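Asks: The residues making up each chain are set out below.
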Amino acid sequence: MNNIIDFNHKMSAHCENGVTANLLRFYGVDLSEPVIFGIGSGLFFSYMPFIKMNGIPVTSFRPLPGMIFKRVTERLGAEVKIKRFRNKAKSMSELDDLIKKNIPVGMVVGVYDLTYFPPAYRFRFNAHNIIVTGKENNTYLVSDPIMEKIEKINSEDLLKTRFAKGTYKPRGKMYYIKHIPENYDLKSAVIKGIKHTCKDMLTIPVPYFGLKGITTLAHSLKKWPEKLGDKKAKLYLGQVIRMQEEIGTGGAGFRFLYAAFLQEASEITGKQELNEISLQMTEAGDLWRKFGIEAGRIFKGRYPENNPYKKISELLLKIKDKEEKTFINLNKTV
Amino acid sequence: MKKEEVPQYDENLLNGIKEIQYAVDENGNYVEVKSPGWEPKNIALKQALKLIDEITEDARQKVISNKKSPIFFYMHLKQMDVSILKQETGYPKFIIKRHFKPRIFKKLSKKTLNKYAEIFGITTEKLMTVPDKPVDTLEFNFGFKIKK
Numbered sequence: 186m187n188n189i190i191d192f193n194h195k196m197s198a199h200c201e202n203g204v205t206a207n208l209l210r211f212y213g214v215d216l217s218e219p220v221i222f223g224i225g226s227g228l229f230f231s232y233m234p235f236i237k238m239n240g241i242p243v244t245s246f247r248p249l250p251g252m253i254f255k256r257v258t259e260r261l262g263a264e265v266k267i268k269r270f271r272n273k274a275k276s277m278s279e280l281d282d283l284i285k286k287n288i289p290v291g292m293v294v295g296v297y298d299l300t301y302f303p304p305a306y307r308f309r310f311n312a313h314n315i316i317v318t319g320k321e322n323n324t325y326l327v328s329d330p331i332m333e334k335i336e337k338i339n340s341e342d343l344l345k346t347r348f349a350k351g352t353y354k355p356r357g358k359m360y361y362i363k364h365i366p367e368n369y370d371l372k373s374a375v376i377k378g379i380k381h382t383c384k385d386m387l388t389i390p391v392p393y394f395g396l397k398g399i400t401t402l403a404h405s406l407k408k409w410p411e412k413l414g415d416k417k418a419k420l421y422l423g424q425v426i427r428m429q430e431e432i433g434t435g436g437a438g439f440r441f442l443y444a445a446f447l448q449e450a451s452e453i454t455g456k457q458e459l460n461e462i463s464l465q466m467t468e469a470g471d472l473w474r475k476f477g478i479e480a481g482r483i484f485k486g487r488y489p490e491n492n493p494y495k496k497i498s499e500l501l502l503k504i505k506d507k508e509e510k511t512f513i514n515l516n517k518t519v
Numbered sequence: 002m003k004k005e006e007v008p009q010y011d012e013n014l015l016n017g018i019k020e021i022q023y024a025v026d027e028n029g030n031y032v033e034v035k036s037p038g039w040e041p042k043n044i045a046l047k048q049a050l051k052l053i054d055e056i057t058e059d060a061r062q063k064v065i066s067n068k069k070s071p072i073f074f075y076m077h078l079k080q081m082d083v084s085i086l087k088q089e090t091g092y093p094k095f096i097i098k099r100h101f102k103p104r105i106f107k108k109l110s111k112k113t114l115n116k117y118a119e120i121f122g123i124t125t126e127k128l129m130t131v132p133d134k135p136v137d138t139l140e141f142n143f144g145f146k147i148k149k
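From first to last, the protein sequence lines are chains G and E. Quick note: the first sequence uses our numbering, first residue 186, plus one each step. Quick note: the second sequence uses our numbering, first residue 2, plus one each step.
It should be emphasised that the hints constitute simulated quantities derived from the structure, not laboratory data. Computed from a predicted structure; not experimentally measured. Don't take every hint at face value.
A few chain E residues facing chain G, derived, Cβ under 10 Å [unchecked claim]:
hint : residue
1    : V7
2    : E33
3    : L46
4    : Q48
5    : M81
6    : E89
7    : I147
What the simulated footprint calls covered on chain E by chain G, stretch by stretch (three residues with Cβ under 8 Å from a Cβ of chain G suffice, anywhere in the stretch; the number is not a length) [said to hold, decoys possible]:
hint : segment
8    : 49-59
9    : 136-145
Each residue gets a CB set at the ideal place from its N, CA and C atoms; glycine is no exception.
Bound-form chain G, shown alone (with noise of 0.2 Å):
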């Protein structure tokens, strides 16, 4: 079976609003990269330092995966398949029917078996959203967000990520639109993307979740040089780091993503406001900057102060104290 999609494929900073974007541009739904990711909910904060991965406590800027998709489309009314698999054959005959009926097929994948995929990125992680646009032969064309332009993989490679093992296993885990429907209300899901994620922010009643997540990381990363000494202290660190910057943030763990979000939201819901809060949340992603670069001098060692852990665990509460503002002022506008 051979079925070229013509696909307009574009690169966004984070996989899964990309993935949605582009799905939805397929049926002439054209919304930008922030849009999606405002109208998803993207933007969380999660620190739960009894999970570890590697032995490492995993902090988190984002939901779950598969919410932003699953959030956006029910928001704007669309009607959707999302469908995991026990049989590995019937997951890639139901993928090349899709294919074959012209429809463009988003899926959950791991990146270590994703052959195209920067190589130093290819860690076991199996949360990673592309869509599948052809099959030539025995090879699947397939639309990556964070790749320049359509990538090819072959089809024992594909099977492979998606029936990747390990910590979420994404379990043949594949998506597509069904029907979206052409008055949508764009107002409307904008505003319940942000009350949803003042919601997340400021509400949950656990500790580790939201703002409270983010006094309880600052609280135990002042302890961790004496606790763990120098050398772990910056692999969990570096944890933080890497999860606020990596690809797929946009920078700043979504701050920046988000408060061009909220530029967008401005005009579309005729608030003023929003522009000013946009403002407020770009002054929080430079102070997450900020925080990027200290912890950037602790790892080369060149700290100018002792105690630097303290220092930033000031800054992380410093942070806190400015988002919450921000998202107290937010709810109130929408």
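Using the hints provided, position chain E relative to the given structure of chain G.
Replies: Relative to the frame of chain G, chain E by itself:
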């Protein structure tokens, strides 16, 4: 962050790709700007990669001193752990841990050895030994070398 402040610190960690960052232009509007890297995050990534090399080297030493079997080494080399091996082989964890013992490893059937070799993507012959010097895991697995 202003457009011109978007870091352009290139150590080729992205293998030629540039990723998208969002920053404000001279009119205060957000625009997309491409970036090949930023020093603090490059260090954090290289630190994570170096950790894999160190864990792999530690495993290699344990094989050389006859404390562990080569399966233990190749597991770490391929960024796996016992749970992933359990999912790949279908063996219970305690059986896999037994296979880490050099004494048990020597007695494994050809079939079992082939199974492990296939999972690690190496020949069965190679599975019988470990390399004689420390391994750069990125280079070994993907033929890619970075400055560490």
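Asks: Any hints this thing doesn't respect? Which numbers, in order?
Replies: Per hint list: zero violations.
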